[in-house]
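Participant: Sequence:
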Amino acid sequence: MTDKILMVMPWRAYVRKATEEGFRVFSIWDPDRIPPDHREEVARYSEELLFTDFRDVAGLRRLVAETATRLGVSHVLHLGNEDTQLPVCEEAQALGLAPNPPAALRVINDKRAMRRLLRERGLSPVRSTVAASAREARALLTQSSQCELPVVAKPALLSGSRGVQLIHEMRDLDDWEEQLADQRYTGPVLLEEYLRGPEFSVETLTAQGTHHVVGVTAKRKTPPPGFTEIAHVHPASLAEPDQAAVTDLVIRFLEETGYRFGPAHTEVILTPEGPRIVESQSRAGGDRIHRAIALASGFDIEKAIFRALIGKPVQVDVAHRVGCVSFFQLPPGRLVSVEGLDDIRALPFVHELKFPFTPGDRVPEIRNSGSRHGHVVIDAATEQEADGRIALVRGLLRATTAPGPSDR
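Numbering that gives the first Met the number 0 numbers the first residue of the sequence shown as 0 and each following residue consecutively.
No wet-lab data here; the hints were simulated from the structure. Computed from a predicted model, the values in this text were never measured in an experiment. Wrong hints could be hidden among the right ones.
As the list claims (entries may be wrong) - Using 25 Å as the maximum straight-line C-alpha spacing, the simulated PhoX-like pairs for lysine-lysine come out as follows:
| hint | residue 1 | residue 2 |
| --- | --- | --- |
| 1 | K3 | K353 |
| 2 | K3 | K302 |
| 3 | K220 | K3 |
| 4 | K302 | K353 |
Using the sequences provided together with the hints, build the complete structure.
Facilitator: Have a look at this one:
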């Protein structure tokens with residue numbers, strides 16, 4: 000087996016850690032989508048960095064096939080955003096280089112297919128209706144026999160809380176349709192029952208068809224009608240029976256999908272009737288969750304992916320501390336001044352700080368994960384101590400905004 004791998008949309012940490020495990024890395028990115036702070040490092044650790052427009056799916060397929068064949072790679076991996084995972088996996092499957100069957104990615108990443116599979120297998124029952132478009136969803140909601148309010152409306156093919164909204168009454172659809180228009184989304188949507196209860200994400204790493212639970216993370220979200228994540232706490236404080244119920248459900252779901260290799264991020268709400276899957280993605284959790292895991296247990300899920308790829312066993316470390324990612328929430332408007340960032344960085348428990356605004360910038364209203372106001376990553380001995388440390392950080396950040404319309 001060759002030590003060459005082709006990665007599509009690899010974040011900089013993936014390329015670096017793959018080379019540290021002995022792989023020769025070749026990368027494909029979209030020049031308009033690669034973050035500026037990733038481009039240099041991806042290029043440094045890749046023997047070749049190729050660019051293509053990810054919107055041109057046929058062109059992306061050709062480049063994957065031609066590059067994999069020319070280089071004689073042993074694996075084609077796509078660990079980035081799920082919107083282009085399926086065509087890359089299908090092309091890799093045709094070459095015998097895919098770590099997963101395409102059907103597994105289709106079921107995990109498409110919320111319609113996920114609901115269908117769960118219903119067929121009798122897992123995580125959630126009342127839901129599929130509509131071909133937002134307009135059709137509006138028509139369905141006028142027919143009370145098919146769908147009753149309140150419902151959670153969500154696009155089937157987006158992530159990051161984009162376009163997810165609780166619909167209490169028909170007039171709420173106007174704002175929801177406006178959000179979808181902002182995202183230029185015209186695809187299918189789901190109308191699902193409003194699940195009540197705390198929400199968690201289960202991080203897993205699958206190797207040779209065995210699903211290893213890395214841990215359970217507690218989510219904190221903005222109140223309805225939006226559901227934007229504003230904090231992640233790892234590990235979650237869960238009673239043992241609830242922990243077992245949540246993780247067992249996720250493992251059963253992944254087994255039913257046929258997922259064979261790689262990380263997965265599955266969101267679950269613990270309702271009074273038991274755990275219910277919200278959605279899943281065949282990638283590691285975003286929002287720096289992997290950083291919270293590493294601070295809590297020392298387990299590096301990014302490094303473990305490539306260790307598993309060469310056949311090393313997955314050994315998940317037990318959490319002995321708490322890692323927390325918390326997002327800032329500022330009043331929308333024009334940023335007038337900001338102070339306290341250096342004081343925050345000086346705190347010994349602060350491991351990462353991002354504040355993307357400078358005076359004069361427009362601070363948007365928080366509508367989804369892409370419009371949040373920066374974050375901090377901290378560690379603590381307990382969840383209670385983590386809450387106190389986050390409160391201290393928020394108190395040190397002194398940002399003033401001037402009222403005005405916000406960008407979306």
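Participant: Each hint needs a verdict: does it hold in this structure or not?
Facilitator: Structure-based check of each hint:
For the proposed pair K3 and K353, the alpha carbon gap of about 34 Å is over 25 Å, so the pair is violated. Under the criterion of a C-alpha separation no larger than 25 Å, the hint pairing K3 with K302 is consistent with the structure, at around 17 Å. With a C-alpha separation of about 41 Å, the suggested pair K220 and K3 falls outside the 25 Å cut-off, and the hint is violated. At most 25 Å may separate the alpha-carbon atoms for a hinted pair to count; K302 and K353 meet this at roughly 23 Å.
Comparing the model with each numbered hint stated earlier shows that hints 1, 3 do not hold.
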